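**Student:** The chain contents come next:
There are 2 protein chains.
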Amino acid sequence: MLKERIDAETALKLFLPHVKPVTRCEEVPLSEAVNRVLARDIIASRDIPPFDRAAMDGYAVRAEDTFGASPENPIILEVVGEVEIGEKPGVEAGRGKAVRVATGAMMPEGSNAVVMIEYTSRVGNSVEIYKAVTPGENVSLKGEDVKAGEVVLRKRTVLQPQDIGMLAALGTTSVSVYSKPVVAVMSTGNELVEPGTEPEIGKTVDSNRFSLMAALKELGCEVVDIGICRDNEEELERTVKTALKKADMVIASGATSVGKKDVLPAVVEKMGEIIVHGVAIKPGMPTALAIADGKPVIMLPGFPVATLIAFYRFVPRILEHMMGFETIRRKWETVKAIAGRRIPSGSGMRTFTRVILRESKDGYVAEPVRTSGSGILSSLVKAHGFVIVPEEKEGVEEGEKVEVLLIRPLTRCLNAQNIQESRLN
Amino acid sequence: MLKERIDAETALKLFLPHVKPVTRCEEVPLSEAVNRVLARDIIASRDIPPFDRAAMDGYAVRAEDTFGASPENPIILEVVGEVEIGEKPGVEAGRGKAVRVATGAMMPEGSNAVVMIEYTSRVGNSVEIYKAVTPGENVSLKGEDVKAGEVVLRKRTVLQPQDIGMLAALGTTSVSVYSKPVVAVMSTGNELVEPGTEPEIGKTVDSNRFSLMAALKELGCEVVDIGICRDNEEELERTVKTALKKADMVIASGATSVGKKDVLPAVVEKMGEIIVHGVAIKPGMPTALAIADGKPVIMLPGFPVATLIAFYRFVPRILEHMMGFETIRRKWETVKAIAGRRIPSGSGMRTFTRVILRESKDGYVAEPVRTSGSGILSSLVKAHGFVIVPEEKEGVEEGEKVEVLLIRPLTRCLNAQNIQESRLN
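So the protein lines, in turn, are chains A and B.
Numbering of the first sequence is given in the numbering used here, commencing with residue 1237 and proceeding in unit increments.
Numbering of the second sequence is given in the numbering used here, commencing with residue 1237 and proceeding in unit increments.
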């Protein structure tokens, strides 16, 4: 019954097309949403920023009024008031007028630029302007970060902290995510007893179930503990049936190798189809992958090291498939890429440039996210990672090799038919 | 008041010695223990396995009785019974006797080796033995995996799934871990409002608090939401004091840059000491790190991208320091090493060899864990990672370069005085 051993990658290629996605959704508060998988596209309900605001401390003016200003020939404007952050402007900046503004303050009606405080001098109710500004200069425009109606986050994104921030900025307090896959875990073996009891002679404490439940929890699953099942055909059949009713996937350890009579695969074969039985990994060889009731039933060998090695070789991939994406690289790993454009940096500063990765025939290309500053939250939501330019380096030239530190896992969406859409998430 | 900008690494070097470890402990059930930090050494209370057991299917015998056996000259032994897995042997294997055993079954009294079933032939109540065995052959000896009294897991280990399995195998149902660091998060700014309300003109929805709380949760902290505080000296002072009472660390965003009047650092300076103010990272420059009431107070810039970049540059390191270790490499990353001994592999099988890393002047050396098989759970608990030998390769020679896939983060313990013990965990 132990079929021909195949390598693990071939085994997954045979098995994954049988794995159906979990489509149950639930609404969770933002405080619970990190690392959950988004169940629908998020469309911005409003502009961010919601109004034009000052990007610098200084004076809000009509840019036209400052044309020609220089230290030698300052232009003098009348100061008609002040706008603090968070307050609705009580004044207008008409022709020849200036309004004192703080960074982040709403721009008063009539103004279209901010003269930085450094290029001004206050004299009573007037201000001397030493430098001309162009329309829009030192202003964060309404909708510059996010425009109402824009798709901000795509379905099947694994939500990162920056995404949670974006959801908050859009006024959201809860979000629709796919339910965590529910995984039932059982151990099989007549010799097994629960920890916490002094085992009788000849018995062994079950450890696999606890390793597996911990690993599944770490991978973001909900776990159902099915307990220990004896190596007995009727009891195994009854237990696997119960487990299948309670969960999206069943994982059993023990009872798969020839030595232990292979009773579990025989039982599962009656309920469904064994797709893989025996893989060329050591330890882990007697692993079997089956589908019963339309759900994966993963049979792992009983020896604890073999159990965990086989688990990590197969189960994370199967779980991702159940969630409709596959991870190419994990968060905080680095990938090598080519700079798609010049990446400027702050002189003497370690500069963190947000980049989007795209795939090309020569590997990844890192494109800096266009942004007007560090207030632009969408730059982090769009970015796959950072190119970190060290203090001593003056930017990165187009075509130069760079390392990108990923700030979200690099994933590729699968559609419901398991055919790659091949879109990096 | 914005002191000279220093690079982030120097900032941490100045700041970390002021950070005190969290020494509160709590007992958690095994099901909650993954990724928690062990608060004391775990000493094995029993041997694993708890008795000599058969490592193969076959016949338990006295090795001496088989000497000289060959296919041409089989030795005939009397079969006096059978031992199933999980049962106490009802028979002894005296001189000239054999007992049928299954893999994992307890060895009967008198026997000291197992002849594999393949080298035997049953004839009624007798068995023909075609191959001699040496004492101990095909037997897992009592205590081979773990010996009673042995230190199995060290204090400050970040518990991995395999460690949870080991704790279960030792009969444990709960474990003493350090309490999660409690971190209070507040946003400051007169312009800020909570998500879920339609903001008045001029106001901005607070997003930083939600990004930061999500990031902290992901890093394993308990989070206290302090809410939004206005840019007002008395209110800030009151709020920071409340936050310090509730938490081990306070993180505030906004109100640190010159543009926003720098009121928060001024307030915190009255309560403690500002160690760092201004770092050479872009974005993230106005970050300030202080100690008040003996606890870290981290002041991050208000612009959301700068907030998160500064957060990730400093806070994970500070949190680790609070837990008494530092991470050198994360789980599932690979490190390059030199094979310290020859690493054998299964022919035609992708072989996962458990290795321990040690530091040498030439970098990491990977030493295979000595183990008699995949039943040895302690091999995974001791191992830092796997050397994966591909199907087509026949082992790895001593001195060869290898890549090690880490199965636990590579950490180094700090003692309470923040002086490196320099022990890889």
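Since the hints were derived computationally from the structure, they do not count as laboratory data.
Because the structure is a prediction, the values reported are computed rather than measured.
Among these hints, one or two may not hold up.
The list treats identical chains as interchangeable, and a pair is accepted whether it falls inside one copy or across any two copies.
With a Cα cut of at most 20 Å, we get these calculated DMTMM-like pairs of lysine to aspartate or glutamate [stated by the list, open to error]: (1) 1481 - 1308; (2) 1453 - 1243; (3) 1637 - 1458; (4) 1597 - 1458; (5) 1572 - 1639; (6) 1518 - 1628; (7) 1637 - 1473.
**Student:** Which numbered conditions among the earlier hints are violated in the structure presented, ordered from lowest to highest?
**Tutor:** 1, 2, 3, 4, 7
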